[in-house]
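Build out the structure end to end from the sequences listed, making use of the hints.
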Amino acid sequence: MLADEMGLGKTMQAITTIRLLLHAREVRRVLLVCPKPLVTNWQREFRLWAPEIPVTIVEGDAARRAWQWSLPDAPVRIANYELLMRDRDLIDRDDAHFDLVVLDEAQRIKNKNSGTSQIARSIRRSRNWALTGTPVENSTDDLVGIFDFLSPNYLTLGMSARAMSKAVGDHILRRTKDKVLTDL
Numbered sequence: 001m002l003a004d005e006m007g008l009g010k011t012m013q014a015i016t017t018i019r020l021l022l023h024a025r026e027v028r029r030v031l032l033v034c035p036k037p038l039v040t041n042w043q044r045e046f047r048l049w050a051p052e053i054p055v056t057i058v059e060g061d062a063a064r065r066a067w068q069w070s071l072p073d074a075p076v077r078i079a080n081y082e083l084l085m086r087d088r089d090l091i092d093r094d095d096a097h098f099d100l101v102v103l104d105e106a107q108r109i110k111n112k113n114s115g116t117s118q119i120a121r122s123i124r125r126s127r128n129w130a131l132t133g134t135p136v137e138n139s140t141d142d143l144v145g146i147f148d149f150l151s152p153n154y155l156t157l158g159m160s161a162r163a164m165s166k167a168v169g170d171h172i173l174r175r176t177k178d179k180v181l182t183d184l
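For the sequence shown, counting from 1, position 54 maps to 54 in the numbering used here; every step adds exactly one.
Calculated from the structure, these hints are not laboratory results. A hint or two may mislead.
Using 27 Å as the maximum straight-line C-alpha spacing, the simulated DSSO-like pairs for lysine-lysine come out as follows [claimed, not checked]:
hint, residue 1, residue 2
1, Lys166, Lys179
2, Lys177, Lys166
3, Lys112, Lys36
4, Lys112, Lys166
Simulated restraints on C-beta separations [what the hints assert, rightly or not]:
hint, residue 1, residue 2, range
5, Gln13, Pro35, 13 to 23 Å
6, Ala62, Lys166, 39 to 49 Å
7, Asp178, Asp94, 46 to 56 Å
Think of the CB as a built atom: it goes at the ideal place given N, C-alpha and C, for glycine as much as any other residue.
Pasting the structure below:
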């Protein structure tokens, strides 16, 4: 999980790493899921940091989205969280597999019982990343839903804060502006 504070470049870090993985042929199909208002920002940032990578925005009516989901030569697809719910049947197909699924604003799946969290966890994938500037909004239990996407059953509801902190320490990269300001 990349949990850097807002403004420290999570988007750029994700895009440049996706670019490296695509060029190394370690991944071929990437799904990036973000809130709807951020879709165009991600598209713009891909043009800036990886202009040679074709990006497909999943949008439009049901027929258009079905076509976009099935495109064989689209290395990166960007979809919003709400579309995951609407297109569940297209995402749950046996032939729908992604080499990498990236969730931006991953706190959207902190409630492991929500429909959004369930569909995100059901996406067939080989690798997954979670990006969020606020990994814990209300309680440490927020991490359970996100980690159920990253590594199912790694954390459990009701774990003590100390046990959870120890368990996730090697899996979360969090930097704050006050810690890295001199490096920027």
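The hints, checked one at a time:
1. Lys166 - Lys179: holds (21 Å)
2. Lys177 - Lys166: holds (23 Å)
3. Lys112 - Lys36: Measuring from Cα to Cα gives roughly 21 Å; hence the hint holds.
4. Lys112 - Lys166: Between Lys112 and Lys166 the Cα gap is close to 21 Å, so the pair holds against 27 Å.
5. Gln13 - Pro35: 13 to 23 Å: holds (18 Å)
6. Ala62 - Lys166: 39 to 49 Å: holds (46 Å)
7. Asp178 - Asp94: 46 to 56 Å: Given range 46 to 56 Å: holds, Cβ gap about 48 Å.
The earlier numbered hints are all upheld by this structure, with none contradicted.
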